[in-house]
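This is what each chain is made of:
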Amino acid sequence: MILKTSGLSYDFGSGKAIHFPDLQIRAGDKVVLVGASGSGKSTFLNLISGVLPIQSGSIELKGHPYDQLSGRQLDSLRADHIGIIFQSLNLIPYLSGFGNAQLGLQFSKKRQSRVDDVDQAITALAQKLGLTPELLHQQPSAMSIGQQQRIAVIRAMLGCPDLILADEPTSALDPTATEQFMTQLNTSIDPDSQAVIVVSHNPEIIPLFDRVIRIGEDQ
Amino acid sequence: MIRIAAMSMRSRRIPIALVIIALTTSMALLLAVERIKQSSQKGFNESLGGVDLVVGPRGSGLELILYTVFHLGNPTNNITTETLTDIAANSAIEWVVPIALGDSHRGFRVISTTNEYFDRIKFAGDQPLSFAEGAAFGEINQVVLGSDVAKDLGYRVGSSIFVTHGSESLGKLHDDFAFQITGILNPTGTPTDKAVFVSLEGYELIHLGWASGSQTLSLKNLDIKTIPKERLYPKTVTAAYVGLASKLSLFKVSRSINDYDEEAISAVIPGVELAKLWSIVGTVDSVFKLMNWLIIGISLISMVTMTMTGLDSRTREMTILRALGATPSKLAGMIMMETALISVVSISLAIGLVRLLTWGTADIVSQWAGIRIELSWIAADELLTLWIIVAAGLIASLIPASMVYKRSLHQGFSS
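Going down the list, the protein sequences come from chains A and B. Quick note on the working numbering: the first sequence kicks off at 1 and runs consecutively. Quick note on the working numbering: the second sequence kicks off at 1001 and runs consecutively.
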């Protein structure tokens, strides 16, 4: 079991809490969270990544319950086990594509230990995602949004973290690029050790996933 | 993390360069002022090595030291050589070197003294005076030049010069008697370099026939050999340098000279008078220092302000790093590391700048102000000052660092 959530809810202060479905994620799972805007999809993802503090319910990642971890331990757990892809503005502007991709290993010795040759690993992932080696040496400002998102995928995948979280990664892409991106993301993960959870409000990508979790509907 | 910090700083190179320029110039200013102060103090203190007392007419001791040693100001009274003979009879006194001031040569002061001056007077601790060319004067018409005089006026041994009456360059020239240069001293970094030395007898000779600043008799009309020797021995001199057999008797001898009742004279200890001078100058020095520290403070504030205003534009960078597992303390450390790097780079540049400036301007400052600035990289006390600045910078950087530390990951995401 990679991830287990139970009885999660979150209240932003309005007094009306958002309740989330219980999740059990195993290796090889490809899950998409769908729902209307403001339904709490990103909030759910932020709770799973440890970005938001748990108000009620519980989360366990690789057997580590979040409520028993210090902030530092949670940061370390996230670095070791989770790869995150944001909706936009994914890359640090002053680092090259390669430098941004390398950041995936920066804060986790566990992930570093899984990579023998960083250059080779990044180049291999780039090839899988359809990026040329030359592009890796360019600054983000010289890349298209789609290319930037693919660099973010390399960063998230490098060192084989157990769980890949992607928050609406295709919102800035056209339908063709969206399908291509999602297919590449899903085929990049190792079905024996990794799982992916993607937040999207785009119903067209649902067929690409093997589980659909609807947020904002009566739990 | 160091690589990321370095890359991040590279992306903000223009504002960072401006802060480094501000810090570098303010620190260089602090170092330069301090170095000039120390060099001038050292130069003053080392100007009169080997002299235990300066004996002159009663009055301000500091004034006596300033005009006899540093050629600043003019003597008002003289003391008699008879009194000096009495003083020299004291067994505690090892030697007495009289000096008479008043004339000049093309802006350089003329000191009339005895040959013993070149043996007794030391500089930079206990280094004796030495000749670059020639030797001390042996005849009445011979003159010895300080190194700067020879260099500035292009004189060599064997050249002849005339002395001007009085210290003003527009004074009447003693053109009836030429002095021949017999020796040129090596540089000392003291007022000696800017002095022209003649014998007491030669000085007395050129003033024969002078009364109330006017010449009534020309030496051209005299056969100098016919003048009796005792007629050329001065009755009065400006002051005398005194060396003691033992430093232990310094205060005792000083007191006995001050109590001398045949003539109103006083003996001053150069070090004591210079200490008084530094205490007067110290107030101005403190104001300078305060201003310098204010400039450094403002530069540090600008560095912190730049870091704080930059935090908003760095939200994306911080959020990505946090999401990837960077702890708040690591990010706060990164901010402090940047500050430390800016401070260290500024310090290195300031040291280099001061070194370059001292190398480039040492000769000019020496000629213009008579201050010989030492060519050194950094002194221990200067290093301490600079580390205080680094520490202040690091303490100041705690403000933006704590802002980064407190900023939660969610704040980053939501912004």
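Hints in this document: simulated from the structure, not taken from any laboratory. Quick reminder that beta carbons are idealized off the backbone N, C-alpha and C, glycines included. Each hint should be verified, as a subset may be incorrect.
What the hints assert, rightly or not - In silico DSBU-like links for lysine-lysine, alpha-carbon gap of 30 Å or less: (1) B:Lys1122 with B:Lys1042; (2) B:Lys1122 with B:Lys1330; (3) A:Lys62 with B:Lys1235; (4) A:Lys110 with A:Lys16; (5) B:Lys1229 with B:Lys1037; (6) A:Lys110 with B:Lys1330; (7) A:Lys109 with B:Lys1037; (8) A:Lys109 with A:Lys62; (9) B:Lys1122 with B:Lys1252; (10) B:Lys1330 with A:Lys109; (11) B:Lys1406 with A:Lys16; (12) B:Lys1235 with B:Lys1172; (13) B:Lys1235 with B:Lys1252; (14) B:Lys1247 with B:Lys1172; (15) B:Lys1122 with B:Lys1194; (16) A:Lys110 with B:Lys1406; (17) A:Lys16 with A:Lys128; (18) B:Lys1252 with B:Lys1172; (19) B:Lys1225 with B:Lys1252; (20) B:Lys1220 with B:Lys1037; (21) B:Lys1330 with A:Lys62.
To be verified - Each pair of labels, with its calculated beta carbon distance range: (22) B:Thr1315 with A:Glu134: 39 to 49 Å; (23) A:Lys110 with B:Ile1388: 38 to 48 Å; (24) A:Gln127 with B:Ser1376: 36 to 46 Å.
Hint consistency between lysine 1122 (chain B) and lysine 1194 (chain B) [alpha-carbon to alpha-carbon, up to 30 Å]
Roughly 15 Å separates the two Cα atoms, so the pair holds.
Is 38 to 48 Å a correct range for the gap between the Cβ atoms of lysine 110 (chain A) and isoleucine 1388 (chain B)?
Because 42 Å falls inside the window, the suggested range holds.
For the pair supplied as a hint, lysine 110 (chain A) and lysine 1406 (chain B), is the alpha-carbon distance within the 30 Å limit?
Given pair lysine 110 (chain A), lysine 1406 (chain B) holds - Cα atoms ~27 Å apart, limit 30 Å.
If you draw a straight line from the CA of lysine 109 (chain A) to the CA of lysine 62 (chain A), is it 30 Å or shorter?
holds (17 Å)
Would you mind confirming whether the straight-line C-alpha gap from lysine 110 (chain A) to lysine 16 (chain A) stays at or under 30 Å?
violated (40 Å)
Has the given pair, lysine 16 (chain A) with lysine 128 (chain A), been kept, meaning a C-alpha gap of at most 30 Å?
With a Cα-Cα distance of about 44 Å, the restraint between lysine 16 (chain A) and lysine 128 (chain A) is violated, given a limit of 30 Å.
Going straight from one Cα to the other, do lysine 1122 (chain B) and lysine 1252 (chain B) come out at no more than 30 Å?
holds (23 Å)
Within 30 Å, alpha carbon to alpha carbon, are lysine 1330 (chain B) and lysine 109 (chain A)?
Satisfied, since the Cα-Cα distance of roughly 15 Å is no more than 30 Å.
Taking only the CA atoms, is the gap from lysine 110 (chain A) to lysine 1330 (chain B) under or equal to 30 Å?
holds (18 Å)
Evaluate the given range 39 to 49 Å for the C-beta pair formed by threonine 1315 (chain B) and glutamate 134 (chain A).
Violated, since threonine 1315 (chain B) and glutamate 134 (chain A) (Cβ atoms, about 30 Å apart) do not stay within the stated range.
For a C-alpha distance cap of 30 Å, please report whether lysine 1247 (chain B) and lysine 1172 (chain B) respect it.
Answer violated: lysine 1247 (chain B) to lysine 1172 (chain B) is near 43 Å, above 30 Å.
Need the status of pair lysine 109 (chain A), lysine 1037 (chain B): alpha-carbon distance at most 30 Å?
With a Cα-Cα distance of about 55 Å, the restraint between lysine 109 (chain A) and lysine 1037 (chain B) is violated, given a limit of 30 Å.
Hints 2, 3, 4, 5, 7, 14, 17, 18, 19, 20, 22 and 24 from the earlier list are contradicted by this structure; the remaining hints agree with it.
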